[in-house]
Every structure is written in structure tokens, then in C-alpha cells.
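Each residue of the sequence shown is one higher than the last, beginning at 37 in this note's numbering.
Read the hints as simulated data drawn from the structure, not as lab findings. Since this is a predicted model, take the numbers as computed values, not measurements. Beta carbons: idealized from backbone N, C-alpha and C, even for Gly. Keep in mind that a hint or two might mislead.
[As the list claims (entries may be wrong)] Ranges of calculated distance between the beta carbons of each label pair, as one might list FRET restraints:
| id | residue 1 | residue 2 | range |
| --- | --- | --- | --- |
| 1 | T93 | P67 | 17 to 23 Å |
| 2 | K48 | Y69 | 17 to 23 Å |
| 3 | N40 | K99 | 34 to 40 Å |
| 4 | C96 | K71 | 16 to 22 Å |
| 5 | H81 | E44 | 26 to 32 Å |
| 6 | T39 | S76 | 30 to 36 Å |
| 7 | T93 | D65 | 15 to 21 Å |
| 8 | D61 | Y101 | 17 to 23 Å |
| 9 | Y63 | N40 | 21 to 27 Å |
| 10 | T39 | K71 | 16 to 22 Å |
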Amino acid sequence: MMTNEDCEEFNKLIEKMKSSNNRGDSYADIPNYIKYNIESTERGHIIKIITETGVHTYNCKWKDYRRTGRFTKKEA
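Can you make the complete structure from the sequences, with help from the hints?
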């Protein structure tokens, strides 16, 4: 679980990213990494990075592309 200090630091990072005019490459150091999961969607991928302090979710969407047809098995 994230502490208040972790949340504040993460919020500052998000605000910095929002206000930045530089939309190029980025880098993050995750020293407390545990594992990751990638889920495919019709619009892109959802990447979840699990750490000791919580889960970081990245919703990656294609700008002008949408998958046609079914790509994952639908559970009953």
C-alpha cells in the first residue's frame, strides 16, 4: 500500500508530466518492483506494474487504430 508520502511524490510526477511540453521518451526507476501484467484491449494495451508500494497502471491506446474481431477468449 502506498503511503501519503508516496502518493504526494507520485502526484508531483504526474503534474510535472502534464505540464511538460516535452512529449518524448521517458524513464522511471522502480527499485521495489515485484512483477508486471500486460492485458490486450481492442484499443491497445493495459500495463500493470506491481511494486511493494502498490500497482502502477498505464493505459496505452493507439491513436488511429482499433482491432477488428475478437482477440481474447471471452469467459462465460
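Hint check:
no.: 1; hint: T93 - P67: 17 to 23 Å; verdict: holds, 19 Å
no.: 2; hint: K48 - Y69: 17 to 23 Å; verdict: holds, 20 Å
no.: 3; hint: N40 - K99: 34 to 40 Å; verdict: holds, 36 Å
no.: 4; hint: C96 - K71: 16 to 22 Å; verdict: holds, 18 Å
no.: 5; hint: H81 - E44: 26 to 32 Å; verdict: holds, 28 Å
no.: 6; hint: T39 - S76: 30 to 36 Å; verdict: holds, 32 Å
no.: 7; hint: T93 - D65: 15 to 21 Å; verdict: holds, 18 Å
no.: 8; hint: D61 - Y101: 17 to 23 Å; verdict: holds, 21 Å
no.: 9; hint: Y63 - N40: 21 to 27 Å; verdict: holds, 25 Å
no.: 10; hint: T39 - K71: 16 to 22 Å; verdict: holds, 21 Å
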